[in-house]
Amino acid sequence: MSYIINKHSDTSFFSKQGQKITIDKVIFEHSLVECHSVVKKIVQDIPVDIFRILGIRNLSAFIGELFAIEFANKSQGLFINNPHQDGYPDLLLMDKNGKVFFEQLSQERRMRDKSPFSPFANGGVEVKATCGSVPTPRELKKTGKEKPDMGDTRIEVMKSYDWKAHHRETNNLIGILWDFENTIPQIVAVFFCNNLTDNDWGKIVQPTEGGGRTTSVSIMSRQGVKKMYKNWIMIKNDDRYIDFVNKYNKDNLISK
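According to my numbering, the sequence shown is numbered sequentially starting from 17.
Check each hint, because a few of them may be wrong.
[Claimed, not checked] List time: in silico SDA-like cross-link candidates among lysine to any residue, alpha-carbon distance up to 25 Å: (1) Lys41 with Tyr19; (2) Lys272 with Tyr257; (3) Lys219 with Ile235.
Everything labelled a hint here was simulated from the structure, so no lab data went into it.
Please take these sequences and the hints and turn them into a complete structure.
Structure, rendered in structure tokens:
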């Protein structure tokens, strides 16, 4: 699987202390490769359809978590994964200040507390994944198509994409778009933005009794998605994905 790399993308961001940090683009590339390797090994080693068991929502979260793990592993100590499952951000910046904060928390035996890791005082980068949205079965039936099942490639009917968060504070974000290829989840595009604001996230929707969600959610706005698009990092060398992302953002920034 080959990818087009954006040589002009900006992979820098600022720590909470005002320090400018630039992420080596190779980290994005190597993390993607490792993610694909791990997913393929899961398929080979687990004798059940683990993806169907997880379901699309949990599988998407898994892809994001896996990428974050590999990203930290490939960053040569620049980032570590947030030790708290519900912490923010996913990748904690371990520059000089970050190490001091982290060591202090360790000495105070607060590693299992959520509060110092949500948010982390030195900041970092959040990671979110999506496989896009497809029309309802009823809508697809009108065009003679069926809604993609687990493992089916979605790009032929994909109509939109965005990312979701539990709050509107996310500013530095790695956004992942993925799809199935030969029944296996594969990352097809990676984006990065270092200047998201509250206005780039929708109103927080609280869970309702009997509803499908158990946590609050904020959906990225179209302007937020456009910001991510303007700083695309890499995309699968496949006209279907390039054309879809360009068309959805009403622009033509990505080309072979």
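Hinted pair Lys272 and Tyr257, Cα distance within 25 Å: holds (12 Å)
Restraint status (C-alpha distance of Lys41 to Tyr19 at most 25 Å): It holds: about 13 Å lies between the C-alpha atoms, which stays within 25 Å.
Restraint check for Lys219 with Ile235, where alpha carbons must lie at most 25 Å apart: Roughly 8 Å separates the two Cα atoms, so the pair holds.
The structure meets every hint from the earlier list without exception.
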